[in-house]
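S.K.: Residues per chain, in single letters:
Protein chains: 2
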Amino acid sequence: MSKSRKLGLAIAQMGPVHLADDRRSVVARLVSMLHEAKGRGARLVVFPELALTTFFPRYWMSEDEVIARFFERAMPNADVAPLFNAARELGVGFYLGYAEITPDGRRFNTAVLVDANANIVGKYRKVHLPGHSDHKPDALFQHLEKKFFEVGDLGFPVFDGFGTKLGMCICNDRRWPETWRMLSLQSAELGILGYNTPSRNIYWNEPPHLRMHTHLISLQAAAYQNAMWIGAAAKCGAEDGFHMIGGSVIVAPSGEIVARSSGEADEVIFANADLDLGDVFRQHVFNFAKHRQPEHYGLIIERTGSGAPLPHRDS
Amino acid sequence: MSKSRKLGLAIAQMGPVHLADDRRSVVARLVSMLHEAKGRGARLVVFPELALTTFFPRYWMSEDEVIARFFERAMPNADVAPLFNAARELGVGFYLGYAEITPDGRRFNTAVLVDANANIVGKYRKVHLPGHSDHKPDALFQHLEKKFFEVGDLGFPVFDGFGTKLGMCICNDRRWPETWRMLSLQSAELGILGYNTPSRNIYWNEPPHLRMHTHLISLQAAAYQNAMWIGAAAKCGAEDGFHMIGGSVIVAPSGEIVARSSGEADEVIFANADLDLGDVFRQHVFNFAKHRQPEHYGLIIERTGSGAPLPHRDS
Chain C
1 MSKSRKLGLA
11 IAQMGPVHLA
21 DDRRSVVARL
31 VSMLHEAKGR
41 GARLVVFPEL
51 ALTTFFPRYW
61 MSEDEVIARF
71 FERAMPNADV
81 APLFNAAREL
91 GVGFYLGYAE
101 ITPDGRRFNT
111 AVLVDANANI
121 VGKYRKVHLP
131 GHSDHKPDAL
141 FQHLEKKFFE
151 VGDLGFPVFD
161 GFGTKLGMCI
171 CNDRRWPETW
181 RMLSLQSAEL
191 GILGYNTPSR
201 NIYWNEPPHL
211 RMHTHLISLQ
221 AAAYQNAMWI
231 GAAAKCGAED
241 GFHMIGGSVI
251 VAPSGEIVAR
261 SSGEADEVIF
271 ANADLDLGDV
281 FRQHVFNFAK
291 HRQPEHYGLI
301 IERTGSGAPL
311 PHRDS
Chain E
1 MSKSRKLGLA
11 IAQMGPVHLA
21 DDRRSVVARL
31 VSMLHEAKGR
41 GARLVVFPEL
51 ALTTFFPRYW
61 MSEDEVIARF
71 FERAMPNADV
81 APLFNAAREL
91 GVGFYLGYAE
101 ITPDGRRFNT
111 AVLVDANANI
121 VGKYRKVHLP
131 GHSDHKPDAL
141 FQHLEKKFFE
151 VGDLGFPVFD
161 GFGTKLGMCI
171 CNDRRWPETW
181 RMLSLQSAEL
191 GILGYNTPSR
201 NIYWNEPPHL
211 RMHTHLISLQ
221 AAAYQNAMWI
231 GAAAKCGAED
241 GFHMIGGSVI
251 VAPSGEIVAR
261 SSGEADEVIF
271 ANADLDLGDV
281 FRQHVFNFAK
291 HRQPEHYGLI
301 IERTGSGAPL
311 PHRDS
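Those protein sequences? They're chains C and E, same order as listed.
Here the first sequence stands for residues 1 to 315, where the numbers follow the UniProt record's numbering.
Here the second sequence stands for residues 1 to 315, where the numbers follow the UniProt record's numbering.
Wrong hints could be hidden among the right ones.
Just a few of them, taken from the derived set where beta-carbon distance is under 7 Å, the chain C residues facing chain E [unchecked claim]:
id: 1; residue: S4
id: 2; residue: K123
id: 3; residue: L154
id: 4; residue: V158
id: 5; residue: G161
id: 6; residue: G163
id: 7; residue: R181
id: 8; residue: M182
id: 9; residue: L185
id: 10; residue: S218
id: 11; residue: F288
id: 12; residue: H291
id: 13; residue: Y297
id: 14; residue: L299
id: 15; residue: S315
Hints were generated in silico from the structure; no laboratory data involved.
For glycine and all other residues, C-beta sits at the position ideal for the given N, C-alpha and C.
Generate the whole structure from the sequences, applying the supplied hints.
M.R.: Here it is in structure tokens:
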């Protein structure tokens, strides 16, 4: 057994960002939480998905308008410079979600990993885009991720850093076990994500408590089944009247929640994550090399949607 | 929306089966629970893994001895005839786990699906065998599934029956998200399983409450993420001093536990499962055809064990 490897991990949950809030005020909130996290012992701070703006996919707008108002043409840029400067000063790294437009006009729901020298050392573009691309005038609100973003083209990269191997995902990715398997198969010991999860479901009258319940069981099962630490940062509360769940958490490889936000405003939660805690799971119950049977998993990549049962084999 | 499709689903949890208990007495317990389940409205009853005997992989024995004492050469056979007869009389189907030896001597940890006419209409052989094949004299007990069984060779078959499509798995399979994906990708609306889960971990000093916790979160996440009903039947309590967890449950596609055993003895739990409840999940958040991205899941079948991070793609 190596000597103990601890990572001070903070989740910086954000309360609402309204349409009228400018990036300067948002970034000031992030900087404030970065300071608080550093004071608690953090070496890595996780901010939410689309942290710099309101969750704009809820609005029916033209591509031109969303690009002008909500997308970043470069990262870092002048608006976020105070955050990068603070990170460098404090010697703290972070995960930041934002809307990315590339020089050739491609749009992604993106997160970057920034090291303690304020260098971008990793990028992830959201693979599992929820929602729709058409206008749904009768819905309570829109969920236009499929209109405003294309599917991420970077796969599920895993990075060396912070004394560990870590991967990123974003929001809806957390509900898909394939996400976590891709990370653990590349030896990630930590997965981090931000999310914006409306407390109402526009498709059916889902009891609101279920949104929190399924968020938590997805993260807990993922942490356990992949022997990983997971840190998840919400943007939550009511953005211009549209409410989103909180429930930011840090989950241990045991599947236990070891830190959880208590409100729906800006809030830092922290855990001194023992990265060795996953070892017993990786070595025994989830020793993939010993126990996985990929020859029986073919449909997972052969099919996209569900289909008919396979022909039964003779017994 | 089709008219409501309800399935009366019972889980017949078993208390311990000791080495000294003969199959006749065990089968009488199963028959008794089959009657109780029928009285509650069940059309399908789930019995545990290796339901006819004690959980023998805990004992270091020769193959010849385990074959003679614990394996079934045919199914049905004279010992289980009372159970099949009762099923036919009552018009109730069941899942039954047992140790199977084929005419050519191959050994599997097997479950059969039996219809309301007492015909075997499906078979599953456990794919994810936990434990080890060597003798561990210093362990509290053995977990010799890898010695006594070979990996199942039937894949994860899905069957038409009981007004639905359903699949089976066994014990440790439930901890592997690949299991559930294989079933949901074949349009299963229900997954059923039996299990024997020691409350002590022979590999490390795992807090006993974690065994129950990880059992439950695995089933809850699986039900939700695959929009399936899940019914899980424990064999539990102390078999000749070796304690196993209970916690038999029925989980709805919402990830919510709708029925749970309250003890560690023979106990029937029941839910009138609305098979349409999964529709809203299958149509929206888990509309696989719309949202899955198999081109990003390659490692899930390309790798068995974990390995190095893939090269990063240019962004």
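S.K.: Hint by hint, say whether it matches the structure.
M.R.: Here's how the hints hold up against the structure:
1. S4: violated, 16 Å
2. K123: holds, 5 Å
3. L154: Given a least distance of 5 Å, the restraint on C:L154 holds.
4. V158: Holds, about 4 Å.
5. G161: violated, 11 Å
6. G163: violated, 15 Å
7. R181: Hint holds; C:R181 Cβ to chain E Cβ min 5 Å, cut 7 Å.
8. M182: Where the cut-off is 7 Å and the nearest Cβ of chain E is about 6 Å from C:M182, the hint holds.
9. L185: Status holds, d = 5 Å.
10. S218: holds, 6 Å
11. F288: holds, 5 Å
12. H291: Holds. Min distance 6 Å.
13. Y297: holds, 5 Å
14. L299: With a closest approach of 5 Å, the C:L299 hint holds.
15. S315: holds, 5 Å
Consistency note: the structure conflicts with the earlier hints numbered 1, 5 and 6.
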